[in-house]
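So the sequences go chain by chain: U and S. Heads up, the first sequence is in our numbering, so the first residue is 1 and it goes up one at a time. Heads up, the second sequence is in our numbering, so the first residue is 1 and it goes up one at a time.
Because the hints were derived from the structure by calculation, they are not lab data. Hints may be right or wrong, so weigh each one.
[Stated by the list, open to error] FRET-style restraints, in silico, Cβ to Cβ:
1) U:39 - S:65: 36 to 42 Å
2) U:13 - S:33: 28 to 34 Å
3) U:48 - S:127: 25 to 31 Å
4) S:21 - U:45: 49 to 55 Å
5) S:43 - U:22: 39 to 45 Å
6) U:38 - S:14: 51 to 57 Å
7) U:45 - S:84: 23 to 29 Å
8) U:48 - S:62: 27 to 33 Å
9) S:147 - U:65: 23 to 29 Å
10) U:48 - S:2: 39 to 45 Å
Note that the Cβ used here is the ideal one computed from N, Cα and C, for glycine as well.
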Amino acid sequence: MTVRVLYFSWLRERIGVPFESIETDAVRVNDLLVELRKKGERYNLAFTQTSSICVAIDQELGDMDSDITEAEEIAFFPPMTGG
Amino acid sequence: MKLSVQEEPFFPDGKISHFANQNLETGAIVSFLGKVRSDPENPLEYMLIEHYPGMTEKAIEKMMGQAVKRWNLIDCLVIHRYGKLTPGEDIVLVVTSSKHRREAFEAADYLMDFLKSKAPFWKKEISQNGEAWVESKEIDEVALERWK
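Only chain S is shown next, with the shape it has when bound in the complex (with noise of 0.2 Å):
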């Protein structure tokens, strides 16, 4: 299991690469890269990641070890990025595997669903018509219902 939680922007290919040779039991890799988007009707100029340092670190480990013991990982990757993003950068990359496909598709949807709504990060969206909050989706939390 690896955890970076950072600023700094990272390259998902090599991240990927590195990952998939690993270990030779490994059938499948699944990966996740989450980027921040824009809105042609109101253009971002940027985004602004606030998290909590020490708590997240902690509840991500604690969710990424819940999801490798469910679905029998080989093993799993969080990168998550804070700070300033601009549209088109990644933010986010979870990649797991496991000896058949099904259990690693379903433990990086388990981990998105996760990072979304249970992981101390909040987003401020700026853009010309001003600065906001990102609201959090009620999607969101629905979603989080499937893995009860």
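Excised from the complex, chain U in its bound form (with noise of 0.2 Å):
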């Protein structure tokens, strides 16, 4: 399947790319992290600390363990700070 990978804040500047299409079979979000991991250093570098990395599913907050396989848009981002 293809989803929408979308990246905010310091993951975005690290990473390069604000969002990409990504071509997978992950069921859950952690097994997304390995693959993109591979993608190259840049990827490695900026998920080295998934504990404080956060994941939306379809513009809901999930968790690592959440299962993707009906999700069309993924966004990972580090803790929100608005207000």
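From the two separate chains plus the hints, produce the assembled complex.
Spelled out as structure tokens, the structure:
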């Protein structure tokens, strides 16, 4: 399946693009992260510390174990700092 | 309920007075205005606020709905800006209305706590010393625990 993957804040800066289409058979967010890390040093560096990374699946907050088999849009970002 | 996620500045006095005059059952209105502040030891030149269009609106509307239900609010308003903001500019306005003051106070407090760490915004500060993403604070996470 093809998913649209988005990056925000310093993740976007480290990876170098705000979004991209990814071909994947990943079942969970963690599986997708393993695949992304293999894409190169920039990805590996960006996803070193996944404990400080949040994920949204189709614009709803999820976690690294969330099922993504039906997902169309997956976003990775650091903890939010609104307000 | 009214939400606006916008780049352009807003006029808080006008927003609050318009909100205040809508319903005759309203006995209490609480407003909170968040501003860009500078630090004298490391003066801020400007701040860049990034957000996740689509999710931002969904997440805030959800928390507004929860606040209305939990405190039986008559109404609430949230305005949150993104883009480039300089010290002294307004970032966020939260206004709540209810029959009695306690509900409006608590709901505004709740909405601000959620906006701080559950709405997809990220702030970057640019000063003479360089630029840095604002890190989330543990105190903001702890604040959320109060509402469980």
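(message) For a quick check of understanding: which of the numbered hints are violated here, in increasing order?
(response) none
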